[in-house]
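S.K.: Below, each chain spelled out in residue letters.
2 protein chains.
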Amino acid sequence: MQNAGFPAFCLILFHRTIVWMKYKMILAYDGTSFGGWQSQHNSNSIQGSVEQALSTCLRMPVSITGAGRTDAGVHARAQVAHFCLDLPTDLLRLKTSLNGLLPSQIRILSLESVPDEFHARYSAVSKTYHYHLHLDPVPSPFKRCYSWHVKKNLDLDRMRSAAADLIGRHDFTSFTNESRGNEQKNKVRTLHRLDFVEEIGGIRLEFEGDGFLYKMVRNITGTLIEIGTGKLSSIPLILAVLDRKSAGPAAPPQGLFLHRIVY
Amino acid sequence: MQNAGFPAFCLILFHRTIVWMKYKMILAYDGTSFGGWQSQHNSNSIQGSVEQALSTCLRMPVSITGAGRTDAGVHARAQVAHFCLDLPTDLLRLKTSLNGLLPSQIRILSLESVPDEFHARYSAVSKTYHYHLHLDPVPSPFKRCYSWHVKKNLDLDRMRSAAADLIGRHDFTSFTNESRGNEQKNKVRTLHRLDFVEEIGGIRLEFEGDGFLYKMVRNITGTLIEIGTGKLSSIPLILAVLDRKSAGPAAPPQGLFLHRIVY
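These protein sequences, in sequence, are chains A and B.
Under our numbering, think of the first position of the first sequence as 1, with each following residue one higher.
Under our numbering, think of the first position of the second sequence as 1001, with each following residue one higher.
Be aware that one or more of the hints could be misleading.
[To be verified] Chain B regions said to be covered by chain A (calculated; three or more residues, Cβ under 8 Å):
| hint | stretch |
| --- | --- |
| 1 | 1023-1035 |
| 2 | 1102-1108 |
| 3 | 1136-1146 |
No wet-lab data here; the hints were simulated from the structure.
By construction, the Cβ of each residue, glycine as well, lies at the ideal position given by its N, Cα and C atoms.
Pulled out of the complex, with its shape left as it was, chain A reads as follows (with noise of 0.2 Å):
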């Protein structure tokens, strides 16, 4: 009995190696009443609600991997993921499902298989993010969860020069968090393009790189406030001293939108 058992359970294997299946999400999101992509202190996450919902569906745990963590408040119109499962699935369908249980402000846009050597975020070639300024004096309400309203007469030829000495290879160590346990880890990043499209009521910013660090984006949107006002003025020297307390504060959450992943 023990001997004819044993080619049995291999073909079992066998098999479900063989339909072991990596499918990409694309994702978008309001995160203003989120605790962020990844949640911390039990508050809600994107990624949980999106795994109970996967769970829900698929009747068995689901994990899925983001293309980067977004924090509390910031929104995503393409964020990506991937999760794996062991059995082939109607993805229409699935898609379909997802959105019916997921709250509103999670939107499923598109679901398809990948090749096994797909990841969500090491693939990844170049990340745009795009950052909201809102300048009306009187800030409007259906600005208010989507853009940073800032009150300062800002003097936007600074801004803009200050912006293309980002852009290229640099050591971003001073604009970003990360230094916590994450001394060694390279801050060299490539920003491809900081460019100031005009919108109405305000000024968009899109940040196009190779990657980005914690909270890099939101801490670059600070400091070329403060070189728009005056406070700031050296991005050569606040890049050269690879110190975060050289640069401005962190702009606010609820302007930023991770907006699109190449891969």
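Based on the hints, put chain B in the right spot on chain A.
M.R.: Chain B only, in chain A's frame:
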């Protein structure tokens, strides 16, 4: 003593008559979490919030009169209200104080003194409402409170043609829910334009007219959707029967914005 006091009392009355002032206020609000412009059933109202802030700032009870009542969940980019004070006031300081006291969902955009003949409701020459239809296959989390997500396939040409039949001077009885106790009210209004404007993720219906009956914009929008899906067809017939039951259901409140009032 009585004779000497009489002229002094008259002088005070005379003085108070001279400085009686009327003020016009333009305000924007996100109606998502409010029970409408005017409170009902003890829900929190826009009018109540503004009156409370005004009364706090001016240390006396102040009532405001709005150009029109918006329902729960309906928004305004430029609602107009007037109020009267029997003393002059620093309008710039008052605007700043009000915006400091009001919740961030409500903002006073401007405050100016107006002639005594001005009335926020009766002096209005035209009003413009926008209704936002969201037509993407998956609803955006950022539009959930500011549009109506319509999943059905719509024949937009049919809808545009039907909209053209609404332009002009008509009895809009079929498109209002005002019947309760208002049977004698004149329900003839002039719709100057009803434009379809493409925007990201959908279409904006722009209604401009000399005045709008209760729920008229939402009832017209709901009817146009029924025409777009083929459930209803003839606007002239719906107008002619003067019966609310002949038109389609009201579109939900969150897609509606009071956009502009001309005096």
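S.K.: Please go over all the hints and tell whether each is borne out by the structure.
M.R.: How the hints compare with the structure:
no., hint, result
1, 1023-1035, "holds (count 3)"
2, 1102-1108, "holds (count 5)"
3, 1136-1146, "holds (count 7)"
Checked against the numbered hints above, the structure violates none of them.
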